[in-house]
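The task is simple: from the sequences and hints, build the whole structure.
Residue numbers (the numbering used here), protein chains in the order written: chain A, 1 to 204; chain B, 1 to 204.
To be clear, the hints were calculated from the coordinates, so they are not data collected in a lab. All values derive from a computational prediction rather than experimental measurement. Check before you lean on any hint, since a few could be wrong.
[As the list claims (entries may be wrong)] Distance condition first, Cα-Cα at most 27 Å in a straight line; then the derived DSS-like pairs of lysine-lysine: (1) A/Lys155 / B/Lys185; (2) A/Lys185 / B/Lys138; (3) B/Lys123 / A/Lys185; (4) B/Lys38 / A/Lys58; (5) A/Lys160 / B/Lys185; (6) A/Lys60 / B/Lys60; (7) B/Lys155 / B/Lys138; (8) A/Lys138 / B/Lys155; (9) B/Lys38 / A/Lys38; (10) A/Lys123 / B/Lys60; (11) B/Lys123 / A/Lys38; (12) B/Lys123 / A/Lys60; (13) A/Lys185 / B/Lys160; (14) A/Lys38 / B/Lys58; (15) B/Lys185 / A/Lys123; (16) B/Lys38 / A/Lys123.
[Said to hold, decoys possible] In silico negatives: residues of chain B with every beta carbon more than 12 Å from chain A: (17) Asp16; (18) Ala20; (19) Arg23; (20) Gly51; (21) Asp88; (22) Phe124; (23) Glu126; (24) Ser142; (25) Asp171; (26) Glu172; (27) Arg183.
Built from N, CA and C at the ideal position, the CB exists for glycine as well.
Given next are the chains, with one letter for each unit.
Protein chains: 2
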Amino acid sequence: MRSARTLNPERPVVADKREAILRAAIRVFAHNGYFNSKVADIASEAGVADGTVYLYFKSKEEILHSIFDRSMEEAIAAGKQLLEQTSDPREKLRRIAHLHLERLGADRDLAVVFQVELRGSTKFMEEFSAAGFAEYLKLIRSTFEAGQQAGVFRKELNGKVVAKILFGALDEMATNWILSQRRYKLAPMADQVLDIFLNGVNAE
Amino acid sequence: MRSARTLNPERPVVADKREAILRAAIRVFAHNGYFNSKVADIASEAGVADGTVYLYFKSKEEILHSIFDRSMEEAIAAGKQLLEQTSDPREKLRRIAHLHLERLGADRDLAVVFQVELRGSTKFMEEFSAAGFAEYLKLIRSTFEAGQQAGVFRKELNGKVVAKILFGALDEMATNWILSQRRYKLAPMADQVLDIFLNGVNAE
DNA sequence: GACTACTGAATGAACGCCCACTCAGTCAGG
DNA sequence: CCTGACTGAGTGGGCGTTCATTCAGTAGTC
Chain A
1 MRSARTLNPE RPVVADKREA ILRAAIRVFA HNGYFNSKVA DIASEAGVAD
51 GTVYLYFKSK EEILHSIFDR SMEEAIAAGK QLLEQTSDPR EKLRRIAHLH
101 LERLGADRDL AVVFQVELRG STKFMEEFSA AGFAEYLKLI RSTFEAGQQA
151 GVFRKELNGK VVAKILFGAL DEMATNWILS QRRYKLAPMA DQVLDIFLNG
201 VNAE
Chain B
1 MRSARTLNPE RPVVADKREA ILRAAIRVFA HNGYFNSKVA DIASEAGVAD
51 GTVYLYFKSK EEILHSIFDR SMEEAIAAGK QLLEQTSDPR EKLRRIAHLH
101 LERLGADRDL AVVFQVELRG STKFMEEFSA AGFAEYLKLI RSTFEAGQQA
151 GVFRKELNGK VVAKILFGAL DEMATNWILS QRRYKLAPMA DQVLDIFLNG
201 VNAE
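Put into structure tokens, the structure is as follows:
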């Protein structure tokens, strides 16, 4: 169990442990819920001792924070990069939506943490939404408003509201996918959402 | 503190207490989150002793369940009644959406419990969604499908997906309204959602 | 290459707080 | 004086967090 270092003395063990704990926490939180998860469960899932968790994280709460921060950062970076690859506003929104559902669909446990556990407290919601969700909504909004300028989308619509509608629809797809017993692909749902959405916001 | 009974001996105390505890629980859950709320807090907010709570509810969890069950029941009953008042599918959806946001907008604490606290655990979500949300989604879906039959909505759309989209969009309006500092009216947002939604699903 | 001294990552038993729930007792009404 | 609604101090278990201890690995010395 502690042989990793022995076998690979050159590898930075520290990063491995932190990573292992984070992954374990995602799994444990997803299965038991944040408040029902014990730090001891995370530790044993990660294959470390209880105390070791506290060498890498200040508290149980900080683990949840770290999960959110890292994933959100990655997602937004990926999103922004994606937006540079095309200039058509419709296509931009299509890609954002796809990315959104693809990322969640690729890791069910992470999706559960995002869709369910992170929502389970106004305190978290306020902190988190200030940090990450808001920025994500802004990304959608500014893309939409650029489309309005270009005459592609109806000018009288409120960008903030439109962004919430698209986000809300995608979010609901993700939540439903998690709760559903039937296993289907999540990402393709993006097309059905966009079909209706774009139809609804298109100019003319 | 215990004078309520003394002052109004004729009032049916039993129903009052249960109601008071439920109301108190909504307030306390909304402010602290379900897991951070102590039963003692609920009791004192309701003006009863800790033990009294257990004369009316088996456990803390049952309180949350009761809040959900009662509100959901009321909402669905109100929704069904509303649907009988018109036959135009578009108008039906409009009224459902309005009712949805009106009810949540009328009681911020209850809205917080619904939008945030009830989502905070897969366990709850699975139990609850089986019970109530699913039925609500079905209501939207069947209304939409009736509209497809009538030729009002695009026939190629999947009713289940369409229902999720509308619900998701409304749900996001509600969640955002709760988290927002700025106080605006929630119900009117329904019109903006429906504008885009109906435009997106209309036939032709 | 062997011996010694040192380091700090990792451990996990133990601590102490917290809080859901209980129950022996109180008291008002009849 | 009996009934039963109500009380609230007490209890028991659970769990986040700590910290004294261990020991693999490293560096210095001869």
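- Item | Index of numbered hints that the structure contradicts, given in increasing order | 8, 22, 23, 25 and 26
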